[in-house]
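The primary structure of each chain is shown beneath.
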Amino acid sequence: MSKGEVVLLDCWASPFCLRAKIALAEKGVEYEARAENLFGGKSDLLLKSNPIYKKVPVLLHDGKPLCESTIIVNYIDETWPSPPLLPSCAYERAKARFWSDFIDKKVFDAVCNIWKSKGEVPETAKNEFIEILKQLEGALGEKDFFGGDSLGFVDVIAIPLTCWFYAVEKFGGFKVENECPKFSAWMNKCMQRETVARILPDPEKVYEFVITLRNMFGIE
Amino acid sequence: MVKSDVKVLGFWPSPFLMRARIALKIKSVEYEFLEENLGSKSELLLKSNPVHKKIPVLIHNDKPVCESLIIVEYVDEAWSSSGPSILPSDPYDRAVARFWAAYVDEKWFSALRDIGSANGAEAKKAAIEQLIEVLVLLEDAFVKCSKGKAFFGGNQIGFLDIAFGSYLGWLRVTEKMNEVKLLDEVKTPGLFKWAERFCADAAVKDVMPETDKLAELKASAPPSS
Chain A
1 MSKGEVVLLD CWASPFCLRA KIALAEKGVE YEARAENLFG GKSDLLLKSN PIYKKVPVLL
61 HDGKPLCEST IIVNYIDETW PSPPLLPSCA YERAKARFWS DFIDKKVFDA VCNIWKSKGE
121 VPETAKNEFI EILKQLEGAL GEKDFFGGDS LGFVDVIAIP LTCWFYAVEK FGGFKVENEC
181 PKFSAWMNKC MQRETVARIL PDPEKVYEFV ITLRNMFGIE
Chain X
1001 MVKSDVKVLG FWPSPFLMRA RIALKIKSVE YEFLEENLGS KSELLLKSNP VHKKIPVLIH
1061 NDKPVCESLI IVEYVDEAWS SSGPSILPSD PYDRAVARFW AAYVDEKWFS ALRDIGSANG
1121 AEAKKAAIEQ LIEVLVLLED AFVKCSKGKA FFGGNQIGFL DIAFGSYLGW LRVTEKMNEV
1181 KLLDEVKTPG LFKWAERFCA DAAVKDVMPE TDKLAELKAS APPSS
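Just so you know, the sequences run in chain order A and X.
My numbering puts the first residue of the first sequence at 1, with every later residue one more than the last.
My numbering puts the first residue of the second sequence at 1001, with every later residue one more than the last.
What the hints contain is simulated information worked out from the structure, not anything from laboratory work.
Keep in mind that a hint or two might mislead.
Distance condition first, Cα-Cα at most 30 Å in a straight line; then the derived DSSO-like pairs of lysine-lysine [stated by the list, open to error]:
1. X/Lys1041 to X/Lys1025
2. A/Lys126 to X/Lys1054
3. X/Lys1181 to X/Lys1125
4. A/Lys106 to X/Lys1149
5. A/Lys134 to X/Lys1053
6. A/Lys42 to X/Lys1047
7. A/Lys106 to X/Lys1053
8. A/Lys134 to X/Lys1063
9. A/Lys106 to X/Lys1063
Construct all of the structure, not just a fragment, from the sequences and the given hints.
Here it is as structure tokens:
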């Protein structure tokens, strides 16, 4: 399965890095994950490989850098085509790209609006988050996965964000399972996949990490 | 011309609409263009793009495709046997093209808008400097992607040419209204010449809105737009 040297500049809690890791694992690609200390000072390699945004993840394939998680997952899918993440039909691919783009534009911002709230989380922030998940439920329909019978592109883009949901539930005082049972059922199906279960961090640890972030930003 | 049931919903000054039209022209696809009045969106638009309610929307055999860059990729794939490829064939080059297209939509677009919405001479000057910084980065991207050829995509217009080139009409308007040269023969020589070639290209020249018409629209729009 090796087609050259693969290095991932990584941060354990970043849902964007997790996307790349799940994609690589699904393809059976071996890689070296190098942890970046985002608070201590970014490595020279990161600053050189991603001078525009200076962010993780960065995938280095035989030394050539790729940035932006959705673009990285697309690259992994094209370079190691089996098993495919994107469907083969052009229209279905366009739909998958549309929902990936929607997730990129909406989900993490909504997550951050909740955990960054000072004091009680405003109803608007909670409702917006739930509304986004409901729209994704619409896109899922009756399928097991966004990709159909098995994990696909949109599933890989979406599932890493869910390890931040426990923190959101704690701060927001609600449960995704109650508000969006279909979405919750999809999360459980993904977690039954060995790659996902192995790679996603414990949501409790993410919650503790979020508390650390809040302290750093002086949020009470 | 390739016959097919294709409709495009759009608004004539939109750079995002232009992307869809250039892609369809490259692939010689006939389509019906339906002009939207953004003050009062059509039933068809609301039905085809219920999530964002925005143009452009491409409707192919009654199936809608939304988001301009996604439309361009779809056109490239759905009519892959017609005309040249729009995306590069190498996965790394594709990733680079997608990276810069996303950069254009995020950094370039907001920098261009900031000039329009800047209050006062100081703010305007700062906004212009910011845009020029973005252009210098794009100049570097042009040199790397084009590898000495005419376009980002090589000998022919490609994905990144379409993504960035579709803003040239509005760039010209901004230059005119602020009496400033943004694309500069000295600072951005590659992009300066590329812009002329892009606007003259057969796939572009009939769908590029006239700078004067765009300027009229801008002048008549409320101050905040």
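Margin query: Output the indices of the hints that this structure fails to meet, ascending.
Written below: Those not satisfied are hints 4, 6.
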